[in-house]
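Asks: As you go down the protein sequences, you meet chains W and S in turn.
Going by numbering that gives the first Met the number 0, the first sequence wraps up at 260, each residue one higher than the last.
Going by numbering that gives the first Met the number 0, the second sequence wraps up at 655, each residue one higher than the last.
I should point out that these hints are in silico values taken from the structure, not numbers from a laboratory.
Owing to the predicted nature of the structure, the values given are computational and were not obtained by experimental measurement.
The beta-carbon is built from N, C-alpha and C at its ideal position, and this holds for glycine as well.
Among the hints, erroneous ones may be present.
[Said to hold, decoys possible] Quick list of simulated restraints, FRET-style, between CB atoms:
(1) Arg293/S - Ser16/W: 31 to 39 Å
(2) Asp7/W - Pro172/S: 47 to 55 Å
(3) Ile300/S - His123/W: 36 to 44 Å
(4) Asp244/W - Ser532/S: 34 to 42 Å
(5) Arg293/S - Arg18/W: 36 to 44 Å
(6) Gln128/W - Asp396/S: 42 to 50 Å
(7) Asp7/W - His148/S: 30 to 38 Å
(8) Gln128/W - Asp176/S: 55 to 63 Å
(9) Ile93/W - Asp262/S: 20 to 28 Å
(10) Arg293/S - Gly70/W: 40 to 48 Å
(11) Pro343/S - His123/W: 41 to 49 Å
[What the hints assert, rightly or not] Distance condition first, Cα-Cα at most 27 Å in a straight line; then the derived DSS-like pairs of lysine-lysine:
(12) Lys31/S - Lys152/W
(13) Lys136/W - Lys112/W
(14) Lys61/S - Lys129/S
(15) Lys152/W - Lys137/W
(16) Lys193/W - Lys152/W
(17) Lys630/S - Lys600/S
(18) Lys193/W - Lys630/S
(19) Lys400/S - Lys152/W
(20) Lys474/S - Lys464/S
(21) Lys193/W - Lys577/S
(22) Lys152/W - Lys474/S
(23) Lys136/W - Lys424/S
(24) Lys430/S - Lys61/S
(25) Lys152/W - Lys114/W
(26) Lys600/S - Lys612/S
(27) Lys137/W - Lys345/S
(28) Lys464/S - Lys434/S
(29) Lys622/S - Lys193/W
(30) Lys97/W - Lys136/W
(31) Lys152/W - Lys136/W
(32) Lys470/S - Lys323/S
(33) Lys400/S - Lys424/S
(34) Lys540/S - Lys630/S
(35) Lys630/S - Lys591/S
[To be verified] Covered stretches of chain W (in silico footprint by chain S; criterion: 3 or more residues with CB under 8 Å from a CB of chain S, positions within the stretch not fixed):
(36) 53-61
(37) 148-154
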Amino acid sequence: MNGRQIGDVILDLQNISLRFGGVKALTNISFDVREHEIRAIIGPNGAGKSSMLNVINGVYHPQEGRIVFHGEERRRMEPHMAAMQGIARTFQNIALFKGMSVLDNIMTGRITKMKSNFIEQAIHIGRAQREELEHRKKVEEVIDFLEIQHIRKTPVGRLPYGLQKRVELARALAAEPSMLLLDEPMAGMNVEEKQDMCRFILDVNDQLGTTIVLIEHDMGVVMDISDRVVVLDYGKKIGDGTPDDVRNNEEVISAYLGVAH
Amino acid sequence: MPDTASRALDTFPRLLFYHAQVRGERVAMREKDLGIWQSWTWADVAEHVRALACGLAALGFKRGDNLAIIGDNRPRLYMMMTAVQCLGGVPVPLYQDAVGAEMLFVLQDAGVRFALAEDQEQVDKLLEIKEQLPSLEHIVYDDPRGMRHYTQPFIHDIEELMAMGRIHHQNHPDFLDAEVEQGRTDDVSVMLYTSGTTGKPKGVCQTHHAFISSARGGCEFDKLSDREDILSYLPMAWVGDHLFSFAQAQVAGFTINCPESGDTVMTDLREIGPTYYFAPPRVFENLLTQVMIRMEDASAIKQKLFHYFMAVARRCGAEILDGKSVGFGDRLAYALGNLLVYGPLKNVLGMSRIRVAYTAGAAIGPDLFRFYRSIGINLKQLYGQTETCAYVCLQPDGQIKLDSVGMPAPGVEVRIADNGEILVKGPMLLKGYYKRPDATAESINADGYFMTGDAGFFDDEGHLKIIDRAKDVGKLANGAMFAPNYIENKLKFFPYIKEAVCFGHDRDQVCAFINIDVGAVGNWAERRGIAYSGYADLAGKKEVYDLIQECVEKINTELVQEGMLADSQVHRFLVLHKELDPDDDELTRTRKVRRGFISEKYAVLINALYGGKASQYIETEVKFEDGRRGKVAADLQIRDARTIPVVKAAASRKAA
Numbered sequence: 000m001n002g003r004q005i006g007d008v009i010l011d012l013q014n015i016s017l018r019f020g021g022v023k024a025l026t027n028i029s030f031d032v033r034e035h036e037i038r039a040i041i042g043p044n045g046a047g048k049s050s051m052l053n054v055i056n057g058v059y060h061p062q063e064g065r066i067v068f069h070g071e072e073r074r075r076m077e078p079h080m081a082a083m084q085g086i087a088r089t090f091q092n093i094a095l096f097k098g099m100s101v102l103d104n105i106m107t108g109r110i111t112k113m114k115s116n117f118i119e120q121a122i123h124i125g126r127a128q129r130e131e132l133e134h135r136k137k138v139e140e141v142i143d144f145l146e147i148q149h150i151r152k153t154p155v156g157r158l159p160y161g162l163q164k165r166v167e168l169a170r171a172l173a174a175e176p177s178m179l180l181l182d183e184p185m186a187g188m189n190v191e192e193k194q195d196m197c198r199f200i201l202d203v204n205d206q207l208g209t210t211i212v213l214i215e216h217d218m219g220v221v222m223d224i225s226d227r228v229v230v231l232d233y234g235k236k237i238g239d240g241t242p243d244d245v246r247n248n249e250e251v252i253s254a255y256l257g258v259a260h
Numbered sequence: 000m001p002d003t004a005s006r007a008l009d010t011f012p013r014l015l016f017y018h019a020q021v022r023g024e025r026v027a028m029r030e031k032d033l034g035i036w037q038s039w040t041w042a043d044v045a046e047h048v049r050a051l052a053c054g055l056a057a058l059g060f061k062r063g064d065n066l067a068i069i070g071d072n073r074p075r076l077y078m079m080m081t082a083v084q085c086l087g088g089v090p091v092p093l094y095q096d097a098v099g100a101e102m103l104f105v106l107q108d109a110g111v112r113f114a115l116a117e118d119q120e121q122v123d124k125l126l127e128i129k130e131q132l133p134s135l136e137h138i139v140y141d142d143p144r145g146m147r148h149y150t151q152p153f154i155h156d157i158e159e160l161m162a163m164g165r166i167h168h169q170n171h172p173d174f175l176d177a178e179v180e181q182g183r184t185d186d187v188s189v190m191l192y193t194s195g196t197t198g199k200p201k202g203v204c205q206t207h208h209a210f211i212s213s214a215r216g217g218c219e220f221d222k223l224s225d226r227e228d229i230l231s232y233l234p235m236a237w238v239g240d241h242l243f244s245f246a247q248a249q250v251a252g253f254t255i256n257c258p259e260s261g262d263t264v265m266t267d268l269r270e271i272g273p274t275y276y277f278a279p280p281r282v283f284e285n286l287l288t289q290v291m292i293r294m295e296d297a298s299a300i301k302q303k304l305f306h307y308f309m310a311v312a313r314r315c316g317a318e319i320l321d322g323k324s325v326g327f328g329d330r331l332a333y334a335l336g337n338l339l340v341y342g343p344l345k346n347v348l349g350m351s352r353i354r355v356a357y358t359a360g361a362a363i364g365p366d367l368f369r370f371y372r373s374i375g376i377n378l379k380q381l382y383g384q385t386e387t388c389a390y391v392c393l394q395p396d397g398q399i400k401l402d403s404v405g406m407p408a409p410g411v412e413v414r415i416a417d418n419g420e421i422l423v424k425g426p427m428l429l430k431g432y433y434k435r436p437d438a439t440a441e442s443i444n445a446d447g448y449f450m451t452g453d454a455g456f457f458d459d460e461g462h463l464k465i466i467d468r469a470k471d472v473g474k475l476a477n478g479a480m481f482a483p484n485y486i487e488n489k490l491k492f493f494p495y496i497k498e499a500v501c502f503g504h505d506r507d508q509v510c511a512f513i514n515i516d517v518g519a520v521g522n523w524a525e526r527r528g529i530a531y532s533g534y535a536d537l538a539g540k541k542e543v544y545d546l547i548q549e550c551v552e553k554i555n556t557e558l559v560q561e562g563m564l565a566d567s568q569v570h571r572f573l574v575l576h577k578e579l580d581p582d583d584d585e586l587t588r589t590r591k592v593r594r595g596f597i598s599e600k601y602a603v604l605i606n607a608l609y610g611g612k613a614s615q616y617i618e619t620e621v622k623f624e625d626g627r628r629g630k631v632a633a634d635l636q637i638r639d640a641r642t643i644p645v646v647k648a649a650a651s652r653k654a655a
C-alpha cells in the first residue's frame, strides 16, 4: 500500500434513516468514504448492510438524511444515474446472465458508455462498429487484469461459483467506476478463492485507484484489507474507525464478534 | 551490419540477423495479448534483440556473464536469449513454477549477475532470496503489472532497458555488430539445468554448434520449412522447448506462437492450428482422457458412430498413414470416418494442420500412440536428453514402430554397452557440466561417448527400444528382470490411473502404489452415483479399489505373455490418499517419479505391502501452493491382485 494516497471525502452520508412501513432498516447513520480507500461495512445478519449499499447506489431512497457525492447533495436518484456517476456494484447473490458468455456479460458493463443508438447497433456499421471495437478492447483489459482469459467464451452458468464472482467483478470494472460497491464478494468461497479475490480487490484499489466500499462477513479478510470499517447493528451505527479501533471496541465485540456469557 | 548472408551461420545471433535480411517481413513470433494475436516479424525481432542487447551492455553486461530467464513462454523472453548470446553471455532459463528456495541453488550455482523475470510473481521470488545471492545485480521484468511501487534501483522495466539500448545503439552504432562478430560457434549458447532425478541439478552447457547441428539435422529429417507454425507452451527451461521453439525456429526460420496464459493453451492450440507440434506423453494422455470423458456424455448415436469408426481406425488408420497397402473397403470406411469422426475430432484437438508431431520425455503407452496415429496425426517419438540437445533418435516417416524410439538421427552415433546401457556420440553432445568437471568426466567415457544411463537394445531393423533407466532395471529375488518404469507405463495408460510406482528389486514379488486420475475416476463415480467428499475419500472407496484392481489384473495378463517380464506381475497394490506432487518432492518438475525419495517417505506402506497386512495407517506432510505445510492422514487398504501362474513362462525360459 506504499504508493496509494487516500484523498478527500467523496461520499458523505449524513443522518440517514430508511424505513419500510413500520420497519426501521437504518436509523440515523452517518459515515463518509474517502477517495481511494477501502471502506468495509460489517455487522450481523439483518444489520442493514445491504440496505446501506442500496441507499448509496440509489435503489432505496432514505426518508431522512443527506447524501453528498463529490461535493454535490444528491436529490432523489435512480440506480442507472448512480452508474452514470461512476458507481458500480456486485451483488450478494450473483446477478449475471447465466446463458451468456463471460465476454458478453462483461460487455454489458459498458452499456452506460455506449453512444450509438440501437438502430446503428442493429445495422452494425460506422460508429457502432468502431464503438464496439473500443469497448471490446476495454473489456479485454479487464479480462487480462482479472486473469479470466481461459473462460472468455464460456457460458457463465457453467462456471464454478468463485469464477462467477470474479466475472461479476469484471462486469463492474468494465464500467470504469470511480467507486465500487461489493456486496459480500467472498461469501461461499474456499480459502484459495478468497485469497485470489482479496488480491484482485487490492489490485483494483491500488492500480486503478478505485474507491471500494465492501460488505464482508469474513473478519480476517475485512481486518486485512480495509482502511476503515463501519459497524452496523439493528440498523444503527455502533462503531467506526480503523480495523484496530473496531477490533477493540467493546460494543462491537459484544454485538458482532461475540461475548462470553 | 556485416553482410551476414555471406558468413557462416554458425551462431544464433548470426542466424537471427540473416533471417531479418532474407525474410524480414515474415512473422517470427506471435503472442495472444488482450484477446488478439500480436505478431513480430523477423525484422522486428532483430530490432528488439538489438535494443535488448545494447541495453544489457549499457547496464554493464560482460562477455561470459550468465543471465537467468524466469517466466512463461513469451516473445521477449525468447528475444532476450538471443540478446544475451549477441554479447557472448549465456542465458539460463529456469522452471517458472519453482518456488524461490528451489531457484536459489541454480541461481547460486550459475552465479547470475542479471535476471529477466516475467512478472511481479517472479520478481518477488527473486527478492525473497536476493540476500543469499550476492552475485545478482540487476532484475529486469517483462510485465509491468503491479510493479509500480518497486522503487529499488536495480529493478528495471524491459521497455526502459530497450530504450536505454536504443540510445546506446545511436551512440555506438558499430558496437553490437562487433560483439556478434566475436561470437564463436563453440561458445556456450545456453545452460539448461537437468531436472535432478538424482541429486542436485547440474548445469548442462551446450554450444551454438551443438544446438544448431541438432536443429539442422531435425529440420532436414522432417523437411521443416520456414512455413511451419509451432505452439511454444512448454517450460523454456526444458531442452525440448529450447530445441523446437528456439533452435529449430532460428535455423529453419519458422513461426513460434506463445499462448495467452497457461490456462488457455487448448484454445490457443485450436486457433493457431500448428503444423509442427511437440508435447510430452502426459499432454496427449490428458487430451485423450478428455475426449473419452466427453464421449461418455455424448448421445447414443454419437457414441455408436465414434466407437464404430474408431474400430475402423484401429484396424487400418496407422497403416494408411504409413502408406502401406490397405484393402479398398477399409480405405472407403476410413475416408468416411475421416469425414464424420476423425476430421472433426482433429479439429477440436487443434491438430487439423499438423504435419509432424513429436513426443518424448517419458515412454508413451502403445495404445495411446496408436490412437493418434490411427486418426491420421503423424505422431512420432524421439529420444534424447538435455545433455544431447534432445537429439539422439527419431522415428522416420512411414517406419513407425509403436514400442521403439526410431533410428539414430543424422550425425549421431549410438552404441549399446555390454550392460545394456545406451551410449551416444555426435556434434550434439554437451560441452560439459557447469563447474563440474568431475560429473562431466563421469558421464563421458574414454572413447568420447556420452553414457545416457538408459538401458535399451536395437531390434532387427535397427530401431532402438528403450526398456528403462539402466540403474532402475533391477532384479527380483529369483533373478528375473524387473523394469519398474515399463510396468508403471502400462498401468498409467488406463485413464483412471494417473501415476504408479512399482517396487520389486530384490523382492520376491512386485507391489505397486497407484494414484487415481481424479477427473476420470470422479466422472466414473458420479455416473454410478457414488458420493465422495474429496480426493482421499474417493481414492479409498471400495468401488474405486475394484476398478483399479481390474486394471492391475489386466496388465498382469499382458505381462505374463512377455516372457522375460512374466515374473513382474503386480501381486499387491494400494491406492494412495494424496496425489504425488512436485511440490512435495515426490515428482520432478517434469513429472518423473522420484523412486528413492518415495520409497523412503512411504517406507511404512511398502512394509505393509510386503508384510501381508490388509490396511495401513499413514500420515503425510503436504506443502500447499502458498508454501504452508499441512498433514493428511488416511487408513489405506491393501489389495491382492489376481496373478497368472508363471510356471509355463518359466519353463519356456529354461527351454530357451
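Asks: Which earlier hints can't be squared with this structure?
Replies: Hints 1, 5, 7, 8, 10, 11, 19, 22, 23, 27, 28, 32, 36 are the ones this structure does not satisfy, whereas the remaining hints hold.
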